Amino acid sequence: MPEERRMDMNSRAMTELIVKKAIAFGAASAGIANIRDLKTAPAFVMMPQRPHIDRVGAVENTTGLPEGVVDWKDEMHSMLVIAYEHPEEKPYLDCWLDGKNPPGNLELIKINKKLKTFIESEMPGVTAMPLNYYVEKGGVWLKDSAAVAGLGILGKNNLLITKEFGPRVRLRAMFLSADLPSTGPIDWDPCAGCDMPCRKSCPQNAFGTIAYDPEQYGGLAKLPGRDGSYSLLTCDRQMAEDEDNEIKTPTEVPDYGTAGSIIKYCRECELNCRIR
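Quick note: to get our numbering, add 309 to the position in the sequence shown (first position is 1).
To be clear, the hints were calculated from the coordinates, so they are not data collected in a lab. Quick caveat, the model's predicted, so the values are computed rather than measured. Yeah, the Cβ is synthetic: ideal placement off N, Cα and C, and Gly gets one too. You may find that some hints are simply not true.
[As the list claims (entries may be wrong)] Within a straight-line C-alpha distance of at most 27 Å, the following computed DSSO-like cross-link-like pairs (lysine-lysine) qualify: (1) Lys-573 to Lys-557; (2) Lys-348 to Lys-422; (3) Lys-446 to Lys-509; (4) Lys-573 to Lys-399.
[As the list claims (entries may be wrong)] Label-pair ranges, simulated between beta-carbon atoms: (5) Lys-348 to Gln-525: 15 to 25 Å; (6) Asp-522 to Arg-546: 14 to 24 Å; (7) Thr-560 to Ile-495: 33 to 43 Å; (8) Asn-554 to Lys-348: 38 to 48 Å; (9) Ala-549 to Pro-523: 28 to 38 Å; (10) Ile-332 to Arg-585: 19 to 29 Å; (11) Ser-570 to Asp-363: 19 to 29 Å; (12) Asp-363 to Glu-431: 37 to 47 Å.
Whole structure, please, built from the sequences with the hints as guidance.
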């Protein structure tokens with residue numbers, strides 16, 4: 310068998326094993342995005358060109374790179390993306406409790422740590438590098454990464470929409486030194502013909518006008534909200550209100566105990582998506 314064919318078989322087997330193990334460790338789904346494909350994905354092209362926005366919850370940029378630019382590592386060639394389900398009946402998964410990382414995000418971090426240990430112990434020569442959530446801290450644009458990995462598609466609500474869980478998932482990623490092919494994108498469009506209750510439910514009307522013009526971004530066809538109508542700045546106004554409405558009454562939270570502080574961010578566009 311030619312050497313190139315053996316490498317393809319090894320890559321396929323490696324991908325299948327990693328995805329299977331991610332699900333065994335608790336992920337709802339998982340996939341691979343090759344970095345060559347990621348570098349041409351919409352967010353990776355657009356975000357470095359977008360004017361600065363003073364964001365709610367902004368963090369310090371520690372990469373030394375311009376705003377929006379991903380800190381690619383020369384020794385890393387692909388990326389594992391995992392999703393964790395956040396069903397409507399478990400709202401606490403997405404809440405900041407006593408100022409701590411949301412429980413759902415903590416689960417994603419745990420899964421990534423287990424995967425790193427498994428990959429590096431079972432796949433000699435492969436390095437796994439779990440990533441921070443924030444691009445400013447060495448992370449990546451997660452929704453586009455998940456779309457390239459085949460976990461779902463980017464919908465008109467500017468969220469990743471999966472076939473199994475709709476947009477009710479959260480994401481995490483890690484770089485891999487192995488050069489694995491992307492497991493996506495998928496050919497599926499649940500937004501076609503939809504009357505978009507997701508957009509209509511937005512309390513701030515974040516999809517009300519065109520916020521981004523393709524001509525400003527080199528003719529890029531896929532913009533936030535697909536048509537450029539999603540305004541991050543407008544969405545942030547709701548986040549600021551949510552922080553102002555912090556719950557400070559001691560509250561019992563499943564699998565946590567008593568929380569003295571709860572911040573519950575808006576999920577209207579997510580929970581009103583018709584895909585469930």
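Against the structure, the hints:
| no. | hint | verdict |
| --- | --- | --- |
| 1 | Lys-573 to Lys-557 | holds, 12 Å |
| 2 | Lys-348 to Lys-422 | holds, 25 Å |
| 3 | Lys-446 to Lys-509 | violated, 33 Å |
| 4 | Lys-573 to Lys-399 | holds, 12 Å |
| 5 | Lys-348 to Gln-525: 15 to 25 Å | holds, 20 Å |
| 6 | Asp-522 to Arg-546: 14 to 24 Å | holds, 22 Å |
| 7 | Thr-560 to Ile-495: 33 to 43 Å | holds, 39 Å |
| 8 | Asn-554 to Lys-348: 38 to 48 Å | holds, 39 Å |
| 9 | Ala-549 to Pro-523: 28 to 38 Å | holds, 29 Å |
| 10 | Ile-332 to Arg-585: 19 to 29 Å | holds, 20 Å |
| 11 | Ser-570 to Asp-363: 19 to 29 Å | holds, 24 Å |
| 12 | Asp-363 to Glu-431: 37 to 47 Å | holds, 45 Å |
Hint 3 alone, counting from the list given before, is not met by this structure.
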